[in-house]
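Go by the hints and put chain B with the ligands onto chain A.
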Amino acid sequence: MTTATFDMPVGAQKSFGTAGVAVALLLPIALVNAIGFILPVLNLARMSFNEALPGGGIAEALTAANWTGLLHDSFYIELITNSIVVSLGITLATLLVSYPIALYLHRASGAWRTFLTVLVISPLLTSAVVRTYGWIALLAEQGPVANVIASMGFQPPRMMFNTTGVVIGLTEILMPYMILSLMAGFGRLDPKVEEAARTLGATPFRTFWRVILPLTLPGIALGCLLCFVLAISSFITPKLMGGGRVFLLATEIYDQAIVTLNWPLAATLSMLVLIIFGAALAVYSRILRMIEG
Amino acid sequence: MMHQTIKRDGVETIGDPYLCLEGMNKKYGLVEVISNLNLAVRKGELIALLGPSGCGKTTTLRMIAGLIAPTAGRITVGGRDVTQIAPHGRDMGLVFQSYALFPHMTVAKNVAFGLEMRGLSRADIANKVAKALGMVQLEHLAERKPRELSGGQQQRVALARALVIEPSILLLDEPLSNLDAKLRDEMRTQIRDIQQQLGITTVFVTHDQVEALSMCDRIVVMKGGLIEQVGTPHEIYERPATPFVASFVGRTNRVKGKRTADGCIRIGSSMIRSARPAVQDDVMVMVRPHRIHIDWNAASTEQQGETANRMAAVLSRITFVGDVIQYHFDVGGSEFIVEESTKKSQVSRDQGDKAVLSWSVEDTLVFGADQ
Ligand SMILES: Nc1ncnc2c1ncn2[C@@H]1O[C@H](COP(=O)(O)OP(=O)(O)O)[C@@H](O)[C@H]1O
Ligand SMILES: [Mg+2]
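Chains as they are written, first to last, in the numbering used here: chain A, -12 to 280; chain B, 193 to 563.
Chain A with its partners taken away, still in its complex shape (with noise of 0.2 Å):
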């Protein structure tokens, strides 16, 4: 009844082909894209070959000396791979933690399912700088965690302001985005499989092995995609949480544009940090063809 309102009439349909709809609708975000991304993108690109002078300045020229620079000292040599490593750290430790809570929200059905996956979603609703200095307060040097650990009999580690404080909050502000792509990519998992490996003479922990960490592949390179990017590229957390001594890209972009006001170097280095990104999404594609293969 009340659809037939917004059926299109006939004469409509005929002059408005869906190719018309298709541009039409897809125009808006388009644009959208092109000023808001890829002008900018282009911009800093440019911005990279341009010389940066004392005190701020900018001077229009097209130079390589801000990529050669970066590439013979060994500061950024350090800061990159630094960034990397712990990147690929803070995946890993998600990965860990997420892919149990994933299997099992895979498995829950009903209003379980809805309520822990609500659960999960949930701390998206925070900012990361609230659950970040919750982080903080938790493991400061006499915070709870520390007070836990001592009363245990062991000498507390630092926690905070170092690498492992970073690793640790990232780890957890990354976990929704880890276990919502690894049951985005839990597609092919049906359980009748699993019962067959088992009806076959597989052990839980074969079952385990062969069929359900192959199956899962997918969605575990899917979420380590995701969580890889958003580590390399996270600021708030590792800038509070690093306390000033955790060198990573994102900070360093943020003090060569803000702190030193040499425009052109963190152009450099955003430029790089998004050739990261697509060397991650080939890598992802290619394991991605490997697996369907």
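A few of these clues could be false.
[Said to hold, decoys possible] Within a straight-line C-alpha distance of at most 27 Å, the following computed BS3-like cross-link-like pairs (lysine-lysine) qualify:
id, chain 1, residue 1, chain 2, residue 2
1, A, K179, B, K546
2, B, K301, B, K323
3, B, K448, A, K179
4, B, K536, A, K179
5, B, K320, A, K179
6, A, K179, B, K301
7, A, K179, B, K337
[Unchecked claim] Covered by chain A, per the in silico footprint, the following chain B stretches (three or more residues, Cβ under 8 Å):
id, stretch
8, 217 to 229
9, 286 to 297
Honestly, the hints are just simulated from the structure, not real lab data.
All C-beta atoms in this analysis are idealised placements derived from N, C-alpha and C, irrespective of residue type, glycine included.
What follows is chain B with the ligands alone, placed relative to chain A:
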């Protein structure tokens, strides 16, 4: 109902009880899905669990396989209690309704899986896989992935995968229900042939009575978590224990009647007799459509001898179904369907034509009306 004493109808016994279910019970929350199920499956026989959807066939099969734990009861295989044994220790081959092939493995790898779990040598595995695939005529597709196969081919891979481990018991959950009619007929024969060739004790779940009747040594008819009857296809068809069995297996006419003092049954104004005496005053009489003879020229319904029931009827509708023709008669207010094989030179009949229906007393099934 009558699951303890099973008289055989001229079919030789295949073997001793091998798979025994004793007092099986399964509850989901407060809902009892299987109630006190007792069943002895003989060694080497193909037994069907037959019943409408939701009657607990799959639940029973999954309890046998160990995939779900019974709320109460005991399962033994060859005298060994397996109730507490995990599925991977039970040595049973299960073919799922959805086949449940490993999507990431080739056909050969799927079939090899169970053998690898048993730690066989590579050479042995290759050997057995080739043999199993040969048995289901799929050697040429060994390197394909399941998604590149048709439904019938996937079904055969699932069968090969379950059989290659030479399980003590083969469990089939509606294995043919996802196939088209022609393929289903082929697979019926193929499964039966393989089963007899290997002499493997098999439990076959189906809701299709034709499948159960044509393939199986014995049939267990289930309804609402209870066993209605266990028997050979012949017994189930000819001597159904309950009205449910009579109408679920094969088609049947049903009409209400009253027991009279002399042991006859009155339907409207007609009197009929049955082989087994009625146990209640209000009865349900059932007669199979193709066991009824139509006499278009009979003058009266006078009983001729002691072996036949006769009733006057008026033709109300005709349905032509190709190989059979169905006459719908009005018999004292109830509808009776009579089936005859079609002939090329069919005498055409009209609505309102009068006839006398007759059928043998033997073919008259009588049940209590509230049964
Ligand atoms: N996990 C479950 N939880 C609750 N009820 C179930 C569950 N599995 C099956 N049932 C119920 O048990 C009954 C029997 O199911 P099933 O054995 O699958 O029937 P069939 O295979 O004969 O169609 C059905 O009424 C079904 O709704
Ligand atoms: Mg079922």
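Each hint, compared with the structure:
| no. | hint | in the structure |
| --- | --- | --- |
| 1 | K179(A) x K546(B) | 58 Å, violated |
| 2 | K301(B) x K323(B) | 14 Å, holds |
| 3 | K448(B) x K179(A) | 46 Å, violated |
| 4 | K536(B) x K179(A) | 51 Å, violated |
| 5 | K320(B) x K179(A) | 24 Å, holds |
| 6 | K179(A) x K301(B) | 18 Å, holds |
| 7 | K179(A) x K337(B) | 18 Å, holds |
| 8 | 217 to 229 | violated (count 0) |
| 9 | 286 to 297 | holds (count 8) |
Hint violations for this structure: numbers 1, 3, 4 and 8, all remaining hints satisfied.
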